[in-house]
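Chemist: Going down the list, the sequences are from chains P and W. Residue numbering for the first sequence is 1 to 346, as defined by the UniProt record's numbering. Residue numbering for the second sequence is 1 to 597, as defined by the UniProt record's numbering.
Don't read these hints as lab results, they were simulated from the structure. All figures in this text were calculated on a predicted structure; none of them were measured in a lab. Virtual Cβ for every residue (Gly too), placed ideally from N, Cα, C. Some clues are possibly wrong.
[To be verified] In silico contact screen, one side only, chain P against chain W (beta carbon under 7 Å); selected entries:
#: 1; residue: E96
#: 2; residue: N97
#: 3; residue: K98
#: 4; residue: Q198
#: 5; residue: D199
#: 6; residue: E200
#: 7; residue: W204
#: 8; residue: E237
#: 9; residue: I252
#: 10; residue: E256
#: 11; residue: P259
#: 12; residue: P293
#: 13; residue: E306
#: 14; residue: Q309
#: 15; residue: S310
[Stated by the list, open to error] Capping the alpha-carbon separation at 25 Å, the derived lysine to any residue pairs in SDA-like fashion look like this:
#: 16; chain 1: W; residue 1: K331; chain 2: W; residue 2: K363
#: 17; chain 1: W; residue 1: K555; chain 2: W; residue 2: A579
#: 18; chain 1: W; residue 1: K422; chain 2: P; residue 2: G319
#: 19; chain 1: W; residue 1: K458; chain 2: P; residue 2: E237
#: 20; chain 1: W; residue 1: K457; chain 2: P; residue 2: L312
#: 21; chain 1: W; residue 1: K220; chain 2: W; residue 2: S191
#: 22; chain 1: W; residue 1: K305; chain 2: P; residue 2: D199
#: 23; chain 1: W; residue 1: K458; chain 2: P; residue 2: L312
#: 24; chain 1: W; residue 1: K419; chain 2: P; residue 2: L312
#: 25; chain 1: W; residue 1: K481; chain 2: P; residue 2: F194
#: 26; chain 1: W; residue 1: K331; chain 2: P; residue 2: W204
#: 27; chain 1: W; residue 1: K430; chain 2: P; residue 2: D81
#: 28; chain 1: W; residue 1: K575; chain 2: W; residue 2: K412
#: 29; chain 1: W; residue 1: K363; chain 2: P; residue 2: Q198
#: 30; chain 1: W; residue 1: K423; chain 2: P; residue 2: Y83
#: 31; chain 1: W; residue 1: K419; chain 2: P; residue 2: N196
#: 32; chain 1: W; residue 1: K155; chain 2: W; residue 2: S191
#: 33; chain 1: W; residue 1: K430; chain 2: P; residue 2: M201
#: 34; chain 1: W; residue 1: K458; chain 2: P; residue 2: W204
#: 35; chain 1: W; residue 1: K305; chain 2: W; residue 2: S130
#: 36; chain 1: W; residue 1: K541; chain 2: W; residue 2: S191
[Claimed, not checked] Okay, the calculated beta carbon distance ranges per label pair:
#: 37; chain 1: P; residue 1: V73; chain 2: W; residue 2: G409; range: 36 to 42 Å
#: 38; chain 1: P; residue 1: V139; chain 2: W; residue 2: N441; range: 28 to 34 Å
#: 39; chain 1: W; residue 1: K134; chain 2: P; residue 2: Q198; range: 45 to 51 Å
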Amino acid sequence: MTSTSPAAVPGAGSPGPEKSDPSFAPPVKDPQKELVGRSPGRLMWVRFKRDRTGVVSACIVLAFFLIAALAPVISWLYGKDPYTRYGEIRPGLLNENKYPIKPNGGIDGEFWFGLEPGLGRDVFTQLVYGIRTSLSLAVAITLLSVLTAIVIGVAGGYFGGRTDYLLGRLTDLMMSFPNQLFFIAFTPVVMALFVNPQDEMPTWMRACVLVYVMWLLGWMTLARLLRGQTLSLREREFVEAAKVAGTPPARIIRKELLPNLVTPILVQATYMLPNNVTAIAGLSFLGVGMLEPTPDWGRMFAKGAEVYQSDLTYMFFPGGAMVIFILAFNLLGDSVRDAFDPKTGR
Amino acid sequence: MSAVSTRTARSALAALAAGVLFLTGCSSGGGGDEQSETEAKKQGKDISYSFADAAASKGPAPEVEGAREGGTIKMLQRDTFSHLDPAQIYVSDEISLSTLIHRRLTNYKRNKDGSYSVVGDLATDSGKKSDGGKTWTYKLKDGIRFEDGSEITSKDIRHTIERTFAPFITEGPTFLQEWMTGKGGTEARKSLPDGPYKGDHLPDSMLETPDDKTIVFHFKQPQAEVPYALAMSGYGVVSAKKDTKEKYDKKPLCSGPYKIASFKSGKSMKLVRNTEWDPKTDAQRHQYPDAFDVQFGVSFEDSTKRLISDSGENRTATSFTNSVDASSMQKVRSNPEVEKRSVSGYQSYVGYMAINTDRITDKRVRQAIAYALPADSLVGAFGGTGAAEMAGNYISPTLVGHKPTDPFGKIKNPQGDVKKAKKLLKASGKSGMKLTFAYQNAPEWQQFSVAATQNLKKAGFDVQKKDIIADTYYDQIGKIKNGFDIYHHSWGADWPSASTVVPNLFDGRQVQDGAANYAHLKNEKFQQEMDRIRKITDPDKAAAEWMKLADRILKAEVPAVPLQYYKTIQLHGSKIGGAYFDESLHDLMPTSLYVKK
């Protein structure tokens with residue numbers, strides 16, 4: 001989130017060494033000496049480090065990923081798991097209506113975030129594991145979508161003509177599917193195809209279906225963006241030069257085009273991931289995401305909405321965590337973009 | 001970082017912090033740990049019904065203390081009434097409505113001491129049996145009239161019974177028809193295929209009306225529970241002269257203390273005083289408010305919120321059958337002011353987990369399932385002890401003869417006995433067996449399925465959960481070859497005797513698609529026992545025998561696991577008086593309501 005002064009604009013656009021950007025001047029002690037031979041990536045890193053919001057957001061996001069990755073460790077240290085129905089098995093935790101007896105959703109030294117009304121499971125581990133579920137799904141979906149978008153977008157943009165037309169129409173077609181409805185309709189079909197009618201759909205298959213549908217319907221925006229960028233890059237001199245020199249297309253794409261597309265890809269990916277997290281949560285809220293007993297972030301909202309009249313606290317933890325995560329991730333996305341591309345400062 | 005972005009970040013943080021404060025400030029504790037016995041529980045124990053004589057069947061009904069006439073009561077209902085023709089009434093919404101508008105030969109009445117009796121409603125008493133119970137004679141009271149002023153005679157009663165044979169009557173009860181003809185279900189209808197509409201009538205060997213005031217039923221087998229059957233809303237009186245067949249379902253001729261002034265299906269209904277109804281002829285009903293204003297399309301959550309708020313017109317509002325929804329249960333029960341305005345009691349339903357005996361043939365496996373299931377979790381899923389109570393056996397506490405037996409320790413171990421289940425499953429050598437558990441895709445059952453699956457897995461089953469759309473659930477589990485191992489269902493008695501429970505659930509001769517014997521239990525010995533008990537003419541003795549048989553089946557065969565007795569809590573506004581929970585109606589009794597000054 002760097003707002004550059006107008007004076008800095010001419011210099012900032014060039015990929016080579018920059019000079020005399022006043023906004024960068026104070027923190028860097030002696031820019032003249034250090035600026036020699038810095039790559040765009042390194043420049044970006046320097047700019048990013050100077051953006052406090054970005055750094056804080058990055059730390060928060062990192063913390064979320066760490067929590068997700070270390071969920072079993074946290075659960076082991078904390079001494080609870082997200083499946084045991086503590087409130088039901090141990091008397092004195094839930095009242096006769098199955099709500100926590102203690103105020104604020106049953107928060108105490110033992111159950112840090114309280115107990116889930118009804119089944120009496122531990123909210124803290126539920127949330128930690130729920131974040132783990134949602135984030136792993138979101139990361140998988142984002143990676144797959146970005147890869148697909150790169151392949152389709154760049155191919156369309158670079159080859160143009162009939163290829164571009166076909167890929168463009170495919171993109172349009174895929175964009176016309178509403179993904180939540182599609183998922184609701186698609187799951188039973190998969191179930192009928194692959195699962196024995198007397199068996200439950202395995203959790204891994206459900207996760208795969210979820211990833212598959214969200215991936216299938218999630219790559220189009222980025223693909224269009226990349227196609228546009230590629231179209232304009234393709235006409236640039238360095239690409240022309242490479243072509244004249246007889247460089248094969250694969251090499252042109254890898255060595256000439258992709259490095260110039262890193263910025264939109266990275267920026268879009270940092271926006272896509274939180275979007276996917278909310279979309280998965282939305283599906284779970286509707287009851288078509290991951291099912292019990294797999295802990296799930298979005299399903300905690302559904303539960304929270306169910307019990308808010310009598311236990312408002314329950315909604316607070318998944319809700320708060322989600323707000324912080326999305327906010328941090330979006331701010332991080334902004335910072336990444338600013339760091340890569342300071343001329344579009346607002 | 002520039003000034004702009006700092007400000008954005010700060011305000012975002014501030015908003016977040018405010019959110020935190022707001023949220024944490026609002027949640028008070030659930031409170032309450034030990035709970036006293038509810039009124040309903042006390043009432044429910046040792047329920048007994050007596051068949052009343054002429055003196056007890058005389059009107060008028062004793063005045064409700066403090067009652068006054070006048071005012072309008074608002075009734076908040078979720079679903080519209082799909083049937084108003086008495087012969088088509090079989091669901092609780094319409095049964096509750098029919099207490100106000102239709103009269104039958106007999107009726108339930110709560111006595112001052114809280115006991116219940118079956119009294120004569122249109123008839124002078126609950127019935128006189130002769131010929132060992134094969135013949136039942138009823139005499140009509142004087143001064144009973146339809147809303148148009150025409151006298152109700154034995155011709156109308158004959159017509160009421162005979163038209164239930166007509167093809168357009170599809171929903172109502174079939175007990176009398178089957179008893180009179182001695183044939184079951186669709187076969188019975190063939191005795192009078194067109195009903196009374198083409199001039200045919202039932203022969204005197206089945207139904208006799210020697211004069212305008214006398215009705216004599218002749219049954220093929222001795223029947224002990226005729227007064228109960230005749231008290232069903234489905235046998236409400238229909239005018240012989242003013243019968244409009246199919247159209248009667250929208251515009252019936254009323255005989256109760258209220259008549260229908262207007263009915264807009266799905267929107268509203270207005271009931272006003274029926275001036276032809278004479279309180280002196282009615283031992284149970286009152287006519288306090290001037291009118292009932294029914295509003296449809298009010299969800300359980302909405303009606304609960306409105307009645308909790310007790311504001312404006314909600315002060316004079318209540319409902320026929322809308323009850324407190326699971327998510328509001330805690331709010332209602334932790335607020336003494338609201339709880340004061342609630343009535344509660346048992347519904348007639350019992351929740352069972354049927355075990356498919358075709359697929360699970362080893363009794364030890366069935367016992368393991370019975371021990372493993374956590375009944376407490378189901379009660380919790382339905383909203384806690386206000387919505388249900390753990391069941392120890394098959395027979396509901398609302399039935400005569402109920403005993404609080406608990407052969408599988410379902411009440412003693414609210415969370416099930418997983419250790420014992422594991423041992424039994426191991427002994428059967430089937431540890432790790434696949435168990436397909438079908439349940440209705442509704443929040444309560446989903447929540448229960450989590451707990452049940454966990455317990456069953458711990459006991460050593462490889463549980464395969466199958467959630468089934470609520471609309472088709474009963475169709476799917478009702479098929480004989482349903483492919484599932486365990487599935488829940490509920491069953492309610494038609495009257496307070498287990499004779500409409502045990503045979504329906506466990507008679508092997510009734511195993512067919514769509515029948516209630518979901519476990520597909522076939523046991524010759526028990527079937528003979530059922531036939532024997534049916535012939536017992538003393539209702540109380542029969543009730544005790546049914547109870548014994550139900551427990552014997554449970555212990556010997558475990559075709560189903562008793563899970564819970566359903567309960568309900570209903571609210572009413574602060575200006576409504578005379579509200580009580582009627583144990584025979586299983587709902588708030590509308591006939592004694594009045595509007596306070």
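Chemist: Does each hint hold? Answer for all of them.
Modeler: Quick rundown of the hints versus the structure:
Taken as an interface hint, P/E96 checks out: its beta carbon lies about 4 Å from the nearest beta carbon of chain W, inside 7 Å. Interface restraint check for P/N97: the shortest CB-CB distance to chain W comes to about 4 Å, inside 7 Å, so the restraint holds. Interface hint at P/K98: satisfied, since its Cβ lies 4 Å from the closest Cβ of chain W, which is below the 7 Å cut-off. Given the 7 Å rule on beta carbons, the hint for P/Q198 holds: about 5 Å separates it from the nearest Cβ of chain W.
Interface hint status for P/D199: upheld, as the beta-carbon distance to the closest one in chain W is roughly 5 Å, under 7 Å. Interface restraint check: P/E200 against chain W, minimum CB-CB distance 4 Å, threshold 7 Å, status holds. Violation of the interface hint for P/W204 is found here, the shortest Cβ-Cβ separation to chain W being roughly 15 Å, above the 7 Å cut-off. With a least beta-carbon distance of about 35 Å to chain W, the hint placing P/E237 at the interface is violated under the 7 Å criterion.
A distance limit of 7 Å between C-beta atoms decides the matter here; for P/I252 the minimum to chain W is near 38 Å, and the interface restraint is violated. At a threshold of 7 Å, the smallest CB-CB gap from P/E256 to chain W is about 34 Å, leaving the interface hint violated. Checking P/P259 against chain W: minimum C-beta separation of about 28 Å lies over 7 Å; hint violated. At its closest, the beta carbon of P/P293 sits 5 Å from a beta carbon of chain W; the interface hint therefore holds under the 7 Å criterion.
Contact between P/E306 and chain W, as hinted, is supported at the beta carbon level, the nearest pair being about 5 Å apart and thus within 7 Å. Below 7 Å, beta-carbon pairs count as interface contacts, and P/Q309 has one with chain W at about 5 Å; its hint therefore holds. At its closest, the beta carbon of P/S310 sits 4 Å from a beta carbon of chain W; the interface hint therefore holds under the 7 Å criterion. At roughly 43 Å between alpha-carbon atoms, W/K331 and W/K363 are farther apart than 25 Å, so this suggested pair is violated.
Of the pairs offered as hints, the one joining W/K555 and W/A579 is violated, with about 40 Å between alpha carbons and a cut-off of 25 Å exceeded. Restraint check for W/K422 and P/G319: not satisfied, since their Cα atoms lie roughly 40 Å apart, outside the 25 Å limit. Proposed proximity of W/K458 and P/E237 is contradicted: the alpha carbons are some 69 Å apart, above 25 Å. The suggested pairing of W/K457 with P/L312 is violated, with an alpha-carbon distance near 32 Å, which exceeds 25 Å.
In summary, the hint linking W/K220 to W/S191 is supported, as the alpha carbons are separated by about 14 Å, within the 25 Å threshold. As the CA atoms of W/K305 and P/D199 are separated by approximately 41 Å, the hinted pair breaks the 25 Å bound. The straight-line distance between the Cα atoms of W/K458 and P/L312 is roughly 33 Å, outside the 25 Å bound, and the hint therefore fails. Distance check on the hinted pair: W/K419 and P/L312 sit about 36 Å apart at the alpha-carbon level, beyond 25 Å; violated.
Distance restraint check for W/K481 and P/F194: the Cα-Cα separation of roughly 21 Å lies within the 25 Å cut-off, and the hinted pair is therefore satisfied. Under the criterion of a C-alpha separation no larger than 25 Å, the hint pairing W/K331 with P/W204 is inconsistent with the structure, at around 39 Å. Distance check on the hinted pair: W/K430 and P/D81 sit about 29 Å apart at the alpha-carbon level, beyond 25 Å; violated. For a cut-off of 25 Å, the pair hint linking W/K575 to W/K412 is broken: about 41 Å separates their Cα positions.
Between W/K363 and P/Q198 the CA atoms are separated by roughly 22 Å; this keeps the pair inside 25 Å, and the hint holds. Distance check on the hinted pair: W/K423 and P/Y83 sit about 23 Å apart at the alpha-carbon level, within 25 Å; holds. For the given pair, W/K419 sits about 30 Å from P/N196 by alpha-carbon distance, which is inconsistent with the 25 Å threshold. About 19 Å separates the Cα atoms of W/K155 and W/S191, which keeps this hinted pair within 25 Å; it holds.
Straight-line distance between C-alpha atoms of W/K430 and P/M201 comes to about 23 Å, which keeps the hinted pair within the 25 Å bound. Only pairs whose Cα atoms come within 25 Å are accepted, and W/K458 paired with P/W204 is accepted, the gap being roughly 21 Å. About 53 Å separates the Cα atoms of W/K305 and W/S130, which puts this hinted pair outside 25 Å; it is violated. A threshold of 25 Å between alpha carbons decides the hint, and for W/K541 with W/S191 the separation of about 33 Å lies outside it, so the pair is violated.
Distance hint for P/V73 and W/G409: a CB-CB separation of about 39 Å, consistent with the stated range 36 to 42 Å. Distance hint for P/V139 and W/N441: a CB-CB separation of about 30 Å, consistent with the stated range 28 to 34 Å. Against the hinted window of 45 to 51 Å, the Cβ-Cβ separation of W/K134 and P/Q198 comes to about 49 Å, which satisfies the hint.
Checked against the numbered hints above, the structure violates hints 7, 8, 9, 10, 11, 16, 17, 18, 19, 20, 22, 23, 24, 26, 27, 28, 31, 35, 36; every other hint is satisfied.
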